[in-house]
Amino acid sequence: MILKFLFKLSILLNFIFFNCTSAFTFNEKLTVNLLPNSNAYFFFEFKSIWPKSASNNFENYDLFPKRLGDIVSKFKVDELSLTLSQGKWKYNEWGLPQKSAPSGSELWTVFDENLSQLKIDSNWLQSSRAISGLFGLSINLQENPNTVVPKYSVVLNKNQSENIRYASIPNEIFCTENLTPWIKLLPCGKNKGIAQLLKNSPKLFESHYFMASLFFKRKCNDQACSSVQFELVQTLSLVYNADLITRQLDDEESTWSFNNIFQNKITNVCPVADVTNVLLNLKGKGKVTVMPTEKRDEMYVYNLKELLASSKDFNPSIVQKKNIQVSEKVPVSLHRYITDKNEINFGIKTLIKNENDQEVSIVYLDTIPWYFRVYISSLVVKDEDTSLNIKPDLINFVPGWDRKKPHHLEVKLTLKPKSVYSVYIRADFGYLKWDEFPPDVNHGFYINPVLLTIKSNQKEDIQIYSETLIMNLPTPDFSMPYNVICLTCTVIAIGFGSLHNFTTRKFKFIQQKNLKEKLFEFLKKFKK
Amino acid sequence: MSLLNGDSDKKLKLYEPLEKFGPLLSLVGFIAGVVYFCLLPHQLLVHGTYISENALLPGLVSSDIFSTDAIFNFYDYLKNNYETNGGKNYNADLIHHIFSNQLKIESYTQSFNLSYPFYASQDENMVKTGKNVYGFGRAQRADGTESIVVSAPLFLTGKKNKQTPNLFGVAQLFILADLAKNRPYWAKDLIFVVTDMGQIGMQAWINSYFETESEFIKGENLKTRGGSIQAALNLEFKDINNINKLEMKLEGANGKLPNLDLFNTIIRICKSLQFQCSLESEISENNEYHYYYNKAPVQHIPGILNTINMMFKQSTGVPNSLNGYFINHRIEALTISGSRIASEKNSKRSHQKQNVLSTIRIIESTLRSVNNLLERFHQSFFFYLLSSSHHYISIGMYMPSFGLLILPVLIKVLTLWFSIFLKKDSNDEKSTELSSSIMLNLFKSIIPKFLVSGVFGIVLYFGTSYFLMFGKKMNLSAKDALINSYIAVMVNILGMPIILKTLSTRKEHRNETSEKLKKLLVLLSLTIFVGTVSLLNFSLSFFIAIFYSPISLLAVQDFSNKFLRLLQQIALVLSCPLIYFSFLYLAYLNFYENFNILRNYDQMFQLLSEKFYDFVLLSKISSIWTYDMINLFLVPIWSALWLISFN
Chain A
1 MILKFLFKLS ILLNFIFFNC TSAFTFNEKL TVNLLPNSNA YFFFEFKSIW
51 PKSASNNFEN YDLFPKRLGD IVSKFKVDEL SLTLSQGKWK YNEWGLPQKS
101 APSGSELWTV FDENLSQLKI DSNWLQSSRA ISGLFGLSIN LQENPNTVVP
151 KYSVVLNKNQ SENIRYASIP NEIFCTENLT PWIKLLPCGK NKGIAQLLKN
201 SPKLFESHYF MASLFFKRKC NDQACSSVQF ELVQTLSLVY NADLITRQLD
251 DEESTWSFNN IFQNKITNVC PVADVTNVLL NLKGKGKVTV MPTEKRDEMY
301 VYNLKELLAS SKDFNPSIVQ KKNIQVSEKV PVSLHRYITD KNEINFGIKT
351 LIKNENDQEV SIVYLDTIPW YFRVYISSLV VKDEDTSLNI KPDLINFVPG
401 WDRKKPHHLE VKLTLKPKSV YSVYIRADFG YLKWDEFPPD VNHGFYINPV
451 LLTIKSNQKE DIQIYSETLI MNLPTPDFSM PYNVICLTCT VIAIGFGSLH
501 NFTTRKFKFI QQKNLKEKLF EFLKKFKK
Chain B
529 MSLLNGDSDK KLKLYEPLEK FGPLLSLVGF IAGVVYFCLL PHQLLVHGTY
579 ISENALLPGL VSSDIFSTDA IFNFYDYLKN NYETNGGKNY NADLIHHIFS
629 NQLKIESYTQ SFNLSYPFYA SQDENMVKTG KNVYGFGRAQ RADGTESIVV
679 SAPLFLTGKK NKQTPNLFGV AQLFILADLA KNRPYWAKDL IFVVTDMGQI
729 GMQAWINSYF ETESEFIKGE NLKTRGGSIQ AALNLEFKDI NNINKLEMKL
779 EGANGKLPNL DLFNTIIRIC KSLQFQCSLE SEISENNEYH YYYNKAPVQH
829 IPGILNTINM MFKQSTGVPN SLNGYFINHR IEALTISGSR IASEKNSKRS
879 HQKQNVLSTI RIIESTLRSV NNLLERFHQS FFFYLLSSSH HYISIGMYMP
929 SFGLLILPVL IKVLTLWFSI FLKKDSNDEK STELSSSIML NLFKSIIPKF
979 LVSGVFGIVL YFGTSYFLMF GKKMNLSAKD ALINSYIAVM VNILGMPIIL
1029 KTLSTRKEHR NETSEKLKKL LVLLSLTIFV GTVSLLNFSL SFFIAIFYSP
1079 ISLLAVQDFS NKFLRLLQQI ALVLSCPLIY FSFLYLAYLN FYENFNILRN
1129 YDQMFQLLSE KFYDFVLLSK ISSIWTYDMI NLFLVPIWSA LWLISFN
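First to last, the sequence lines map onto chains A and B. Numbering follows our numbering, in which position 260 of the first sequence is assigned residue number 260; successive positions increment by one, without gaps. Numbering follows our numbering, in which position 59 of the second sequence is assigned residue number 587; successive positions increment by one, without gaps.
For the record, the hints were derived by calculation from the structure and aren't laboratory data. A virtual CB, placed ideally from N, CA and C, is assigned to each residue, including glycine. Possibly wrong hints are sitting among the right ones.
[To be verified] Covered stretches of chain A, going by a simulated chain B footprint (3 or more residues, C-beta under 8 angstroms):
#1 330-344
#2 469-478
[Said to hold, decoys possible] Taking lysine-lysine pairs in the BS3-like style, the calculated list, with each CA pair at most 27 angstroms apart, reads:
#3 K746/B x K349/A
#4 K751/B x K349/A
#5 K90/A x K709/B
#6 K321/A x K709/B
#7 K455/A x K219/A
#8 K305/A x K203/A
#9 K405/A x K418/A
#10 K751/B x K341/A
#11 K382/A x K746/B
#12 K1001/B x K656/B
#13 K1090/B x K656/B
#14 K151/A x K217/A
#15 K513/A x K525/A
#16 K329/A x K632/B
#17 K219/A x K459/A
#18 K184/A x K199/A
#19 K341/A x K1001/B
#20 K74/A x K405/A
#21 K391/A x K751/B
#22 K190/A x K341/A
#23 K341/A x K1148/B
#24 K656/B x K751/B
#25 K353/A x K746/B
#26 K329/A x K287/A
#27 K47/A x K305/A
#28 K90/A x K751/B
#29 K382/A x K751/B
#30 K341/A x K746/B
#31 K353/A x K1001/B
#32 K607/B x K418/A
Construct all of the structure, not just a fragment, from the sequences and the given hints.
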């Protein structure tokens, strides 16, 4: 009885203590953008900020997920970004996403600046394993070394340090088993707030594009870093084709509601959330049934805390026009493909097209697995319109190392207005040992997509990704070892069998019979 | 010359029986080769086809096409456009319009031009331009790393270069495009290609897709691409009203074939949909289709005919349809064409809709089977002959027949080799004397003859365009110029022995060893040539071996009888590659294309020269090596045989 009381008291004290020392904030936001051809883009954003005092090291962690906290504190992580996706974002058709991601997975981490490079390498491997474990992924950076230390891209709007490690794993595709642990990091799970829409997970995987991301950042509040702040942003992008879901056949408009798409409605808000907003970007693209609580430059804002106090649920019905333009077009478009393939080598070409009327400076990051032996001498950057070779502003090339690290190429370029540049490089096929072929089905080997960072002085940098390519390596006939095993087993069976027979048999002497006796015995048989 | 120093006793032991039984062994081997080949399609040796790749799961999907209304609408729309305005409206722009505006899929056009490799005849322009259309049905939920191509030419070229529009073929692409757009199950992008100018347009598109340079076809750069192409289907349908059977064309460029699994999948799907599918112009005894049987019966004689038919088409190296050019890039591709059998119960008019539905369902089902693939086509066979749509002969089965056919030449080579280098006593003095005399002979008489033969090959190899240039100066049509110059070179070769005799002033010192050496070299080069070709294009090497193996042995025989010598020389004249391959082509026309040689005797030469020109033109444009290989190697070998027979 006393124990129980003490326990309750401690919880109470805890609450009081926390409420005065720290202000954990959690905001959730859902942005809905209407895309051409009755596609709709849902962008969920869950942001939690936890001012962590230097003394407590995940003994009291409030609503910040401890599982993640353990990883970041153990491996001294300053920044961590993980994206998992299924499908391909169609930049040409859908414009710019709120957050870009390559197909498959991408992971990068910035470690504490006091760590040595050696320690960072080991921390990176271990933390990637821990992350894999946390999200049910199989990012195996030990056997499939894919890590590079990018100098000019990846981390946005910041001078990059040597402490970053970057890997993209195109064949690790987002799946249900990765979604569940991702949702569990949310303070209210999927029971309350806008995350209620994620309850019906099979519906989520009916989308044309599905991407989940997690971004962690450790921020110092002052120069001396006496107090820090943990920031965790979880986002989820979904693109649906409303026509395919509602099965309507209207040429002009399509009508759909949240319930149509997610088979669920938002009925309440997460109690710990400070702000729960739904933003609708309608800008002449359609109409909505529910009146917004606020209008922010043609963006309809729904404050769900206010709305759900009066109504039972939030399920706006939207009438979407079909022939609409993308609100934010990509400033630079990418197209990557394999050219000039023969038995020995092949070329990888990336077309970079500046869609704007202004000069744009970009950074091109290419990581090519070691088993494609890249020749830096074959690198050609060309203006496709004039067919003249271009001298890039900067080239950073770190050659690959067999079984250790991939080829890493960074090119800084300034694109002329409305120009098309191409980056071309040739590679040989490497040979893998027969046990180095992955156990999965052999689609071919993936060549990572290019990450293009579009530098901007005024606004934030923009990142876009190219297509993933696959290429077939010389593959041994894997059924041959099987045949050999069969053959060997047969030989062993025959050899061992006769030997076994020979050695375990008892031998005894028989007197040799002459012809007469034999004949006699023979006749004896007939007698019977 | 290590043989001379080796223990010649052992080799002598080998030599004696070889000399004794060699001719008999040769004869038996050759006959066995022919008999074995004819037995290949027999029940004892032939195997039934089977699906080797489990992931294909043919015929297990339920179709998403329920009615033919949409396809008839598209067909009528295309037909109206074709029939009004003299057919000018039926072009790439119309198809592009339907793709991008009606079906709302990503679609682009590609212009290309073909510059003729050599001076064309007066009525043809030097440069022809055309326009292709391609569209993408992107897989909605996949990352777009893999794709399947479905292509259809705008026009089909029939007999006598008659152009018929491929209306039904193109209409089917629209149905499939709609399916690709609206169904979530696609794991691979579908790429739709409609090509102008048939094979040329296809090559232009493929070259641009992979950015491979071609000397003669220049295509515009493609705007975008799909992932790596796993398979391609090409659709050719002349008439929507007259289809009750589908025929497959397999043969690709340079005799390469698509993976057998792809073909088997289609046949299996046809069986499950109870529709008749077969090889191109497949011969069957009872003309009844095999879907009535669980296990198709083996028919021996039709089997032989079908195999030879396939080999005829394979041996030219020139694909007879658009699918052939995908195979250059290791993309499994075949052509499905619609045809009609008169004596079939399904041929009634009322069955037309059912037949159209079955056709499109077969193609849909095939695409979805390929969509199931997790890995590239790698199982089953890449080297095979088909004796019927249900039976195949694998490389392991047909190769021995080739080996047996070339065996007589090999035996002769060995016999000659041993008799030159072994039969003499292994006395050191003598052997050095022998080798020096051989060397002398080599330079005096053997090398010049081979050089002369080689020069003819090189003249033909490089001279083709010059022949046509001269022809143009002399106001000959390209077809006539080519065949006439070719014949002229052949006549030159035939006349060479006389020229050589008049040129050599002194009496040639005839030596038995040098004679043997000459024969040895010719036969050896023939064996090496045919052996190499057999690995690249089995059918071509088979047709060469079956004829040139006995002919070469006849040519190296010394006849004292004048009459026999005359016969020998007549045989050698007839074995001129031009005559032999013309004969083969006529035999093909006679047996498989219902072209009666005897009745159409007067057209024969005209037809041959036309086909020869087409063949040379297409092999130059599409870089097919059959013509060059024959010019560079077979013609010199034949010429050397001819020269040798005159000693």
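- Which earlier hints can't be squared with this structure? Hints 9, 13, 19, 22, 31, 32 not satisfied by this model.
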